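Enquirer: Each chain, letter by letter, is given below.
Number of protein chains: 2
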Amino acid sequence: MAGPSLDVVGIGNAIVDVIAQADDAFLARQGLAKGSMRLIDAARAEALYAEMGPALEMSGGSAGNTMAGFASLGGAGAYIGKVGEDELGRVFAHDMRATGVGFDTAPLAAGPPTARSLILVTPDAQRTMNTFLGACVELGPEDIAPALIASAQTTYLEGYLFDPPRAKAAFQKAAELAHAAGRKVSLTLSDPFCVERYRAEFRALIEGHVDILFANEAEITALYETASFDEALRAVRGHCAIAALTRSEKGSVLVTGDEMHPIPPVRIDQLVDTTGAGDLYAAGVLFGLTHGRDLATSGRLGSLAAAEVIGHYGARPETSLKALARQAGLL
Amino acid sequence: MAGPSLDVVGIGNAIVDVIAQADDAFLARQGLAKGSMRLIDAARAEALYAEMGPALEMSGGSAGNTMAGFASLGGAGAYIGKVGEDELGRVFAHDMRATGVGFDTAPLAAGPPTARSLILVTPDAQRTMNTFLGACVELGPEDIAPALIASAQTTYLEGYLFDPPRAKAAFQKAAELAHAAGRKVSLTLSDPFCVERYRAEFRALIEGHVDILFANEAEITALYETASFDEALRAVRGHCAIAALTRSEKGSVLVTGDEMHPIPPVRIDQLVDTTGAGDLYAAGVLFGLTHGRDLATSGRLGSLAAAEVIGHYGARPETSLKALARQAGLL
Chain Y
1 MAGPSLDVVG
11 IGNAIVDVIA
21 QADDAFLARQ
31 GLAKGSMRLI
41 DAARAEALYA
51 EMGPALEMSG
61 GSAGNTMAGF
71 ASLGGAGAYI
81 GKVGEDELGR
91 VFAHDMRATG
101 VGFDTAPLAA
111 GPPTARSLIL
121 VTPDAQRTMN
131 TFLGACVELG
141 PEDIAPALIA
151 SAQTTYLEGY
161 LFDPPRAKAA
171 FQKAAELAHA
181 AGRKVSLTLS
191 DPFCVERYRA
201 EFRALIEGHV
211 DILFANEAEI
221 TALYETASFD
231 EALRAVRGHC
241 AIAALTRSEK
251 GSVLVTGDEM
261 HPIPPVRIDQ
271 LVDTTGAGDL
281 YAAGVLFGLT
291 HGRDLATSGR
301 LGSLAAAEVI
311 GHYGARPETS
321 LKALARQAGL
331 L
Chain E
1001 MAGPSLDVVG
1011 IGNAIVDVIA
1021 QADDAFLARQ
1031 GLAKGSMRLI
1041 DAARAEALYA
1051 EMGPALEMSG
1061 GSAGNTMAGF
1071 ASLGGAGAYI
1081 GKVGEDELGR
1091 VFAHDMRATG
1101 VGFDTAPLAA
1111 GPPTARSLIL
1121 VTPDAQRTMN
1131 TFLGACVELG
1141 PEDIAPALIA
1151 SAQTTYLEGY
1161 LFDPPRAKAA
1171 FQKAAELAHA
1181 AGRKVSLTLS
1191 DPFCVERYRA
1201 EFRALIEGHV
1211 DILFANEAEI
1221 TALYETASFD
1231 EALRAVRGHC
1241 AIAALTRSEK
1251 GSVLVTGDEM
1261 HPIPPVRIDQ
1271 LVDTTGAGDL
1281 YAAGVLFGLT
1291 HGRDLATSGR
1301 LGSLAAAEVI
1311 GHYGARPETS
1321 LKALARQAGL
1331 L
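As they're listed, the protein sequences go chains Y and E.
Sequential numbering from 1 applies to the first sequence in our numbering.
Sequential numbering from 1001 applies to the second sequence in our numbering.
In short, the hints are calculated from the structure, not lab data.
There may be inaccurate statements among the hints.
[What the hints assert, rightly or not] Selected chain E positions facing chain Y (in silico; Cβ < 10 Å):
no.: 1; residue: Val1016
no.: 2; residue: Lys1034
no.: 3; residue: Met1037
no.: 4; residue: Leu1056
no.: 5; residue: Glu1087
no.: 6; residue: Thr1105
no.: 7; residue: Pro1107
no.: 8; residue: Ala1125
no.: 9; residue: Phe1229
no.: 10; residue: Gly1314
no.: 11; residue: Arg1316
Fair warning: this is a prediction, and the values are worked out from it, not measured in the lab.
We put the CB at the ideal spot given by N, CA and C, even for glycine.
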């Protein structure tokens, strides 16, 4: 079998972010839980949009952001996700390809429009996401090209894919294909509410089917229903080869069966918008791991990539992460 | 006659900006003159977009940006401009209304899509704009509601309106209605190439039909075909009641027949993207003039508004200009 020609193929909900500032009172009036992601239908999206402030539009989607960051570090990646045949779909596809990430999933010719997430950023830089999945509900197993999965060292999957039922089948097909080809499978848990929705399935998946797991503190404690981060850390060890667990301003921890590497966060001047922090952390770690770096260096690449994206609005880097990593002596 | 219920009504090409980073080599390969605005057709827009890097989308348009800044300062404004009945048109309308600016121009039901400007920002923070006018070509005199013009202290017009022929007729109708109602007319020259295209018409208009003129150094010297800024300054005095002339990092000068006020620029930490600098300067000056401030204070409000917008990507403020102006002791 030929060696992998790609480093990572990411699979996720293909979403355009609509980013606006909001205050806590606005979240309260709209009944929104700060920091979370909730799914909304088209009517609710329209109603919320009408109430929101002026916005900027930028391609997003958790795995999409990760792949954009991965390419910015110099990695060879591809992305699978479903957009509509519309203006926002063209924006998403353009941005992915212009970042240097292969993207050939057929757009949805008829049906719901390209997904959008109405993201409210509060003055404390927290983001609250309201996602209308649109065309993402039509991503299915037929969109997973076996040759593409086999060509990548690692297949990276976002937990959010469990929300649209056909996407879950696509997710499972991709994971099976990757392992059948002798490749690695990586998963991010995406969101604590997403973990609540699919806890049993995620646990079953992680035991034996996930090589590299990404989760933040809220997600990993939700997964194992533990009171503390340390208990969750003990629970996850042994279930997957590598777990990379983020803790916001406390940095992150990378664990394997016999190693544990606490990684300090990279300090930034001004925290603006935390959207994409976890996605970009995953980009850095995946870049390190697929390029022969040790766990600690991979973790530091993750922190560096996350630090770039939280210093401005939008979940994709504005600066070359490769150049930043070189300046920091990590590449 | 009743007093004006609005401060300013702005009329312009309603455009969504598509903002990407580019280097000088990219501009050279594409044959683009740095810092300028050029008009492109749909095919050229598609070809250039395919070559551009990942982008963010944000509502723009010169007078649109000015009105957004004007509202951010606390002014009462409205906007007239033509979008298509499409996703980007809905984005433009949302952003304008969400900023607190009245916007009721009927969208174009059939015909070209909402205008977009492909804006390339180089590392020196200069912007080079490639505008596909789309639906803007259908703005016409029928879109100028006499009651709206009469309700505003000042009607603000962008020179770019001379590019679509029917918009020029709308422009002229608006100026005539404003003066007939005893209101003021303000014009921005928009771009030196725009001045080259319509020099004679702009000169005729300014002599007797414009009360408040905005121009930068390149535009005012192009208008009067002078070798120096000082000569152009002498030429403009007496032709309109107030001229507000910007000079990038040298600040600006406000002149009337008998007064001249040099205004220093507001220093910023990091220059990121100069898109909208002139538009926001106009917002500050117009706010001052329509709120009884003297020329020098109005100029300083202009500098403050411009400084906010050049510190980040996008041509509309990310921060409340009213709050910034209060901090600076200007309001």
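Enquirer: Evaluate each hint against the coordinates.
Expert: To see whether the hints hold, each was checked on the structure:
1. Val1016: Holds, because the Cβ-Cβ distance from valine 1016/E to chain Y comes to roughly 8 Å (cut-off 10 Å).
2. Lys1034: violated, 20 Å
3. Met1037: violated, 21 Å
4. Leu1056: holds, 5 Å
5. Glu1087: Hint on glutamate 1087/E: holds, closest Cβ of chain Y at ~4 Å, below 10 Å.
6. Thr1105: At 17 Å from the nearest chain Y Cβ, threonine 1105/E fails the 10 Å test, so the hint is violated.
7. Pro1107: This hint is violated: proline 1107/E lies away from chain Y, its Cβ roughly 14 Å from the closest one there, beyond 10 Å.
8. Ala1125: violated, 13 Å
9. Phe1229: violated, 34 Å
10. Gly1314: holds, 6 Å
11. Arg1316: At about 7 Å, which falls below the 10 Å cut-off, the nearest Cβ of chain Y leaves the hint on arginine 1316/E intact, so it holds.
Violation of the numbered hints given earlier is confined to hints 2, 3, 6, 7, 8 and 9; the remaining hints are satisfied by the structure.
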